[in-house]
Amino acid sequence: AQTVTQSQPEMSVQEAETVTLSCTYDTSESDYYLFWYKQPPSRQMILVIRQEAYKQQNATENRFSVNFQKAAKSFSLKISDSQLGDAAMYFCAYRSGYNNNDMRFGAGTRLTVKP
Amino acid sequence: NAGVTQTPKFQVLKTGQSMTLQCAQDMNHNSMYWYRQDPGMGLRLIYYSASEGTTDKGEVPNGYNVSRLNKREFSLRLESAAPSQTSVYFCASRMAGSGYQQYFGPGTRLTVT
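Chains as they are written, first to last, in our numbering: chain P, 98 to 212; chain D, 69 to 181.
Derived Cβ-Cβ restraints for the label pairs, each shown as a range:
1) D:N130 to P:S177: 42 to 50 Å
2) P:Q111 to D:A70: 31 to 39 Å
3) P:T115 to D:E120: 40 to 48 Å
4) D:N96 to P:T102: 30 to 38 Å
5) D:L137 to P:S104: 35 to 43 Å
6) P:Q153 to D:S86: 47 to 55 Å
7) D:G121 to P:Q111: 48 to 56 Å
8) P:S104 to D:G165: 31 to 39 Å
9) D:S86 to P:A98: 26 to 34 Å
10) D:E127 to P:L144: 18 to 26 Å
11) D:S86 to P:P138: 28 to 36 Å
12) P:D178 to D:S86: 43 to 51 Å
13) P:I143 to D:E120: 21 to 29 Å
14) P:T102 to D:M163: 24 to 32 Å
Here are some chain P residues pointing at chain D (derived, C-beta under 10 Å):
15) Q103
16) P106
17) Y134
18) Q141
19) F188
20) C189
21) D199
22) R201
23) G203
Some chain P residues well away from chain D (every beta-carbon gap over 12 Å; in silico):
24) T117
25) A169
26) D178
27) K211
Since the hints were made in silico from the structure, they are not lab data.
Where is the CB? At the ideal position from N, CA and C, for every residue including glycine.
Full structure from sequences and hints, please.
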């Protein structure tokens, strides 16, 4: 089964600085999707960014970008110009391209933003 | 457009009691999901329904049953609650097809004493 590992249980960043959250995954599949979700204290899961495995170009969404290293099975999230509202739990997730209903999550990284 | 709604938001049960968690979506999505979230762990899939009339087991289905009542509603039932089922439960929905993201409800915090 596919597994997703987030090795940083907690991270902190100064407001306006840049932080990178790590994620690695294990799979033998060639077709898959990767996601980063944000979970603020409200508990609502919010999609931050997604990456299709077949795309070589790294996805970006405003201040959020990923570094997708397919051979290394690594999918890190970079948050630039960090804001207080970025403070949350961040989950990395893998979804199989062969079974679109099979989604696996990492254990999460708690991000603190210091003013 | 409310998205994905869940009821109740909080629930406390005694061991052995039963209850049903309700989920509804108004986005005309085909697929619906139930996850549980435990401290120090990511979300784990309990059951899913790829389309109306079908349900399938996920990673952690033991102790749960589901019903896809219609296209909008997908319920999760605990027949005999156990303390190990203390968790936060999330419902999600998605359009069919590989390119679509899941949309999540606000969660239900369940405590079994």
